[in-house]
Amino acid sequence: MSDPMRGVFRGFDITNSALTAEMARAEVIASNLMNMHDTGGPDRDPYRRKTLVFEEMLDTVGAATADGLPAAGVRIGRVYEDTTTDFTPVYDPGHPHADGEGFVRRSNVDLFRELMDMTVVRRSFQANLSAMRTYRGMLQATIQNFRS
Amino acid sequence: MSGFDIIGPGGYGPPQLRPLEPRDLGAQEIGGAQGPLGELSIEGGDEASGGSFADKLEDALSSVSDLRNDVKSKAEALARGEPVELHELMISMGKSDVAFNMMLEVRNKLLNAWDTITRSSV
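Residue numbers (the numbering used here), protein chains in the order written: chain A, 1 to 148; chain B, 1 to 122.
The hints are simulated quantities; they were obtained by calculation from the structure and are not laboratory data. Be aware that a few hints might be false.
Stated by the list, open to error - Not everything, but these chain B residues come out facing chain A in the computed CB check (under 7 Å):
hint: 1; residue: Glu58
hint: 2; residue: Ile91
hint: 3; residue: Ser96
hint: 4; residue: Glu105
hint: 5; residue: Arg107
Unchecked claim - Selected chain A positions facing chain B (Cβ under 10 Å, derived; list incomplete):
hint: 6; residue: Phe9
hint: 7; residue: Asp13
hint: 8; residue: Leu19
hint: 9; residue: Met23
hint: 10; residue: Phe103
hint: 11; residue: Ser107
hint: 12; residue: Thr119
hint: 13; residue: Val121
hint: 14; residue: Phe125
hint: 15; residue: Gln126
hint: 16; residue: Asn128
hint: 17; residue: Leu129
hint: 18; residue: Ser130
hint: 19; residue: Tyr135
hint: 20; residue: Gln140
hint: 21; residue: Arg147
We treat Cβ as the ideally placed atom computed from N, Cα and C, and that holds for glycine.
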């Protein structure tokens, strides 16, 4: 016997996956900020900025419509390393990691871009929370409506 | 009209929308309602879907109880320090809340029906 309550809570499950994905994105941004001053060393590269991709999950368990499977949320795809920007060399001969000519390679993390991404992630999180609150409010209002 | 009404790839204009069909909105077929309480269908006593009304009610109650146990286990795991996402716990609490309220309303309706039937003079 299938779970009688499943159909009602699809909205909750979708929002759950969205919130998990946003938290993961916040964690990646935090990791970038944490390592942004990593200048590497003589034998390894500085920290390369990480970014990640979201993927749409399809509901393979539920009913399939003629056009395909209905969306059932979002999930994290791969975590990529940002290879579009190079490490910037900075002249600092006193640094322990300076090479022969006195240049130190800095990580390609841009502080202001990460702060901006952080703001976007926070707003997305709030939007998803608001969607969940709306969904829950609709369900509760439906139940209360039939209270005689 | 202005040139902004060009529709097509790379053009401006209103987006091409496929007309919505009832199945997109989750409309149920009449005569087999799949509401939250599952197969409490209009036909009633449908042998093909298995079980009587009492069985289905029992299933609904057990799923409400399952949701509550889910909340309990997630809260305990979070308190123990296991990697449980906080929003997962809150969403489980929301689900349990909604399911419980729904069950309460169904119970009230059944009791009212029972009262009405027993009070009606034969």
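Structure-based check of each hint:
no.: 1; hint: Glu58; in the structure: 10 Å, violated
no.: 2; hint: Ile91; in the structure: 5 Å, holds
no.: 3; hint: Ser96; in the structure: 10 Å, violated
no.: 4; hint: Glu105; in the structure: 6 Å, holds
no.: 5; hint: Arg107; in the structure: 12 Å, violated
no.: 6; hint: Phe9; in the structure: 5 Å, holds
no.: 7; hint: Asp13; in the structure: 8 Å, holds
no.: 8; hint: Leu19; in the structure: 4 Å, holds
no.: 9; hint: Met23; in the structure: 7 Å, holds
no.: 10; hint: Phe103; in the structure: 42 Å, violated
no.: 11; hint: Ser107; in the structure: 28 Å, violated
no.: 12; hint: Thr119; in the structure: 19 Å, violated
no.: 13; hint: Val121; in the structure: 14 Å, violated
no.: 14; hint: Phe125; in the structure: 9 Å, holds
no.: 15; hint: Gln126; in the structure: 12 Å, violated
no.: 16; hint: Asn128; in the structure: 9 Å, holds
no.: 17; hint: Leu129; in the structure: 8 Å, holds
no.: 18; hint: Ser130; in the structure: 13 Å, violated
no.: 19; hint: Tyr135; in the structure: 9 Å, holds
no.: 20; hint: Gln140; in the structure: 7 Å, holds
no.: 21; hint: Arg147; in the structure: 6 Å, holds
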